[in-house]
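Visitor: Spelled out, the chains give:
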Amino acid sequence: MRLAITGGGSVSPFGVGRAAFEEALATPDVAAARAFRTTSEVLDAERVGASRTAEVWGWDPSAHLGKKGHRSYDRLTKFLIAAAKHALADAGIKDEDGFREGRLGASDVGICSATAYGSLDAITELNRVAELEAPRFINPSRFPNTVINAAAGYVSIWEGLTAPNTTIVDGNCGALDAVLAADTHLVNGRGKAFLVGGGEVVSDALHLGLSRLDVLAPPEGEGPGLTMGEGACYLVMEREAAARSRGATLLGRVLGYGNAFEPPLEASRIVDARPDAIVRAVEMALAEASLDAGDVDVVAGARGGLARLDAAEAEALREVLPGVPVAAPKALQGETFGAAGAFAIAQALAWMKGAPVAPLVAGEPLKTPPRVVVVTAVGFYGNASAVVLAVPEEAAGRGAQE
Amino acid sequence: MQRVFVTGLGVVSPVGHGREAFGQALQSGRSGAAPIAGFDTSSMDRHVGCEVKGFAARDHLTRAEVRRMGRCSAMAVAAARMAAREAGLEGDALAGPRTSVILGTTMGEANVLGQLEASWFHQGEDAGDRDALPQYGTTLLPIHVARAFGARGMVQTLPAACAAGNYAIGYALDQIRAGRADRVITGASEVIEKLQYAGFVRLGAMAPEKCQPFDAGRRGLLLGEGAGVLILESEESVIRRGATPLAEVGGYGLACDAHHITRPRPDGAGSALAMRRALEASGLSTEDVDFVNAHGTGTPSNDPVETKVLADVFGDHAPVVTSVKSMLGHCMGAASALEAVSCVLTLEEGWVPPTIHHEERDPACGALRLVANRAERHDVRVALNNSLAFGGYDAVLRLARPGVLPAPAPLAA
Numbered sequence: 001m002r003l004a005i006t007g008g009g010s011v012s013p014f015g016v017g018r019a020a021f022e023e024a025l026a027t028p029d030v031a032a033a034r035a036f037r038t039t040s041e042v043l044d045a046e047r048v049g050a051s052r053t054a055e056v057w058g059w060d061p062s063a064h065l066g067k068k069g070h071r072s073y074d075r076l077t078k079f080l081i082a083a084a085k086h087a088l089a090d091a092g093i094k095d096e097d098g099f100r101e102g103r104l105g106a107s108d109v110g111i112c113s114a115t116a117y118g119s120l121d122a123i124t125e126l127n128r129v130a131e132l133e134a135p136r137f138i139n140p141s142r143f144p145n146t147v148i149n150a151a152a153g154y155v156s157i158w159e160g161l162t163a164p165n166t167t168i169v170d171g172n173c174g175a176l177d178a179v180l181a182a183d184t185h186l187v188n189g190r191g192k193a194f195l196v197g198g199g200e201v202v203s204d205a206l207h208l209g210l211s212r213l214d215v216l217a218p219p220e221g222e223g224p225g226l227t228m229g230e231g232a233c234y235l236v237m238e239r240e241a242a243a244r245s246r247g248a249t250l251l252g253r254v255l256g257y258g259n260a261f262e263p264p265l266e267a268s269r270i271v272d273a274r275p276d277a278i279v280r281a282v283e284m285a286l287a288e289a290s291l292d293a294g295d296v297d298v299v300a301g302a303r304g305g306l307a308r309l310d311a312a313e314a315e316a317l318r319e320v321l322p323g324v325p326v327a328a329p330k331a332l333q334g335e336t337f338g339a340a341g342a343f344a345i346a347q348a349l350a351w352m353k354g355a356p357v358a359p360l361v362a363g364e365p366l367k368t369p370p371r372v373v374v375v376t377a378v379g380f381y382g383n384a385s386a387v388v389l390a391v392p393e394e395a396a397g398r399g400a401q402e
Numbered sequence: 403m404q405r406v407f408v409t410g411l412g413v414v415s416p417v418g419h420g421r422e423a424f425g426q427a428l429q430s431g432r433s434g435a436a437p438i439a440g441f442d443t444s445s446m447d448r449h450v451g452c453e454v455k456g457f458a459a460r461d462h463l464t465r466a467e468v469r470r471m472g473r474c475s476a477m478a479v480a481a482a483r484m485a486a487r488e489a490g491l492e493g494d495a496l497a498g499p500r501t502s503v504i505l506g507t508t509m510g511e512a513n514v515l516g517q518l519e520a521s522w523f524h525q526g527e528d529a530g531d532r533d534a535l536p537q538y539g540t541t542l543l544p545i546h547v548a549r550a551f552g553a554r555g556m557v558q559t560l561p562a563a564c565a566a567g568n569y570a571i572g573y574a575l576d577q578i579r580a581g582r583a584d585r586v587i588t589g590a591s592e593v594i595e596k597l598q599y600a601g602f603v604r605l606g607a608m609a610p611e612k613c614q615p616f617d618a619g620r621r622g623l624l625l626g627e628g629a630g631v632l633i634l635e636s637e638e639s640v641i642r643r644g645a646t647p648l649a650e651v652g653g654y655g656l657a658c659d660a661h662h663i664t665r666p667r668p669d670g671a672g673s674a675l676a677m678r679r680a681l682e683a684s685g686l687s688t689e690d691v692d693f694v695n696a697h698g699t700g701t702p703s704n705d706p707v708e709t710k711v712l713a714d715v716f717g718d719h720a721p722v723v724t725s726v727k728s729m730l731g732h733c734m735g736a737a738s739a740l741e742a743v744s745c746v747l748t749l750e751e752g753w754v755p756p757t758i759h760h761e762e763r764d765p766a767c768g769a770l771r772l773v774a775n776r777a778e779r780h781d782v783r784v785a786l787n788n789s790l791a792f793g794g795y796d797a798v799l800r801l802a803r804p805g806v807l808p809a810p811a812p813l814a815a
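Residue numbers (our numbering), protein chains in the order written: chain A, 1 to 402; chain B, 403 to 815.
Treat the hints with care, as some may be off.
In silico contact screen, one side only, chain A against chain B (beta carbon under 8 Å); selected entries [said to hold, decoys possible]:
| no. | residue |
| --- | --- |
| 1 | W59 |
| 2 | P135 |
| 3 | V271 |
Calculated from the structure, these hints are not laboratory results. From the three backbone atoms N, C-alpha and C, an ideal C-beta is built for every residue, glycine too.
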């Protein structure tokens, strides 16, 4: 796998666009303080009481999508569209005036977009009407939002992108798996550039489900459990040679991908993580990148606050990448499930440009910006994925040939 | 690049379970439509659908499996076990990291969520089965199937709405060709849930009693449900274990309309592009395609566009066409997987199933060589399985009788 990352756009607690994201990461402590609050703008305060979330605070879709044409879209769809617009502009592919002449066109650009619970909010909205009033009263213009791939479909419509649109659901691993989907499409000539990443939203239904499963961290943030985050993040990925030949600016490269599944040992258990799966995913990604553990400068880990999953990842990383520092991107943004892998890549790209690699949960602080980063994702059900990122310069050497 | 073959088929459907019952029902033109029994439709002005009948999860799953999964996953596991049995891959033959599971769906375990939310809305947030909560995740479909076989490779859900089956099978083909897996358990599964049913009624897309694709009197689709699972296997694996290939998966084409969230482009450009891409790099021309399993939903917007696409792509070399949705209903995410199974049966047995309830051809669909009302014998060597979906997704799968297709062309460097 040899992909060039040529642009990025995100909607996050830090604002909209890559510049806002990277600016926030320059001071991680301040970023975390901005991201997490205990007064949700999304959840029903009367129902939830105090809650700790990392939301897209003060989200104003009309500032990014204009005032018309998106009334029936849900929150996720609007996040994705705003992220896509910024990513396409950042990659020099498309701006407010349309596709840039002589570059890539509508049929060259596709989408590989992940989400874990993307349509849940819309389903709950319509289920509420169907249950408390009658099914015949549900709003047909909102019905498409209940279909998981509709959000990414709206992005293709909004931006006029006619290369394939693939939605991936693989829980917390989705956005990393979207990288493989994009590589697969690119290698098979189904497009020349793909928006790769995903989105997730904070919702009452998700909050209720997670709180009933007792997996949410307490509102004060101290203690076990995850903290819900939200947002959308797309990275533009192209084949490296094609990106260079069109004169694109490379933000980073993807050199390898791996995934694996190890089922829970107990037949009755559904939620679990096994170190063996994480080890295999990382080994597979490193082998594809033609790199060894010693080449890796830091891991952008999946640590999200669930003790069982975090312990499995820590054990796996000690085995497969001994001594390599491990950072926890979710400590700055919360758990964004299907989008998490894309946000972790975006954070890793910022580290490569000099942003502090923080917070570290294992290993010693880095003295210089990392040149090779392994990004991991750990699913709730025994699945794991990993991606190897490298700086764009040829000097990285290792595995540089396409 | 390696050839990729289908070596096993599994079906849970509105007209029968298992390839034999499914094939016989399709060949005889049996409709799966009946009054909806799974939920109350009295407040809606539609009451008919193609539900799966006579499926007992316990006939196919262990007690522990039944406890930990919803109906959508249970149907997928059952169909996967049937497919593995036919492929001769029972026991631990599919265990290990070289077997992946890639499945499609539209809404996954929608009924698990529907029941939980109904409890919450009517009885309060402490109501509902807490143990059912973890069963909701759409991610779980392939996880449950992988666990059933000890498969330890990729587990992936592609929720590509009504094209999900073709998306999953195509992606499985990609992964075997890329050397990331030797065998993939693939296909799709879907259940009818009250919300989906009400949604299609509210969109004005649902027929009152029967689905009549390409007919002048068609009044829309009927929702269906089921699971279609195929075992895909690399040529090397097939040869190594002396397996019998049922069909070759030759390729697939994808495109995105970028036009409307629920309706196809009126000019059919995206669908036609996907169809041409399904033939690209195959060494075949349109003349070599004998049969197209149409998306054929029976809605006013789909059928004329699909007719135009077929005319644009095939010109004077019109292949035989049918829509089994006239019998199965529109099984949403599972539709193109079930239809892929049907295509394989056609390639094997030479019967093209009929489009039932056909009374008078819509003049806008007049150019079709439609197999109407009675199954017909045709020497089908190459088949296309067409699908379109919410989100403007277009996906077309190319299947062929083993030994017919030229070797796949290597990818450009």
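Visitor: Which constraints among the numbered hints does this structure fail? Numbers only, ascending.
Guide: 1
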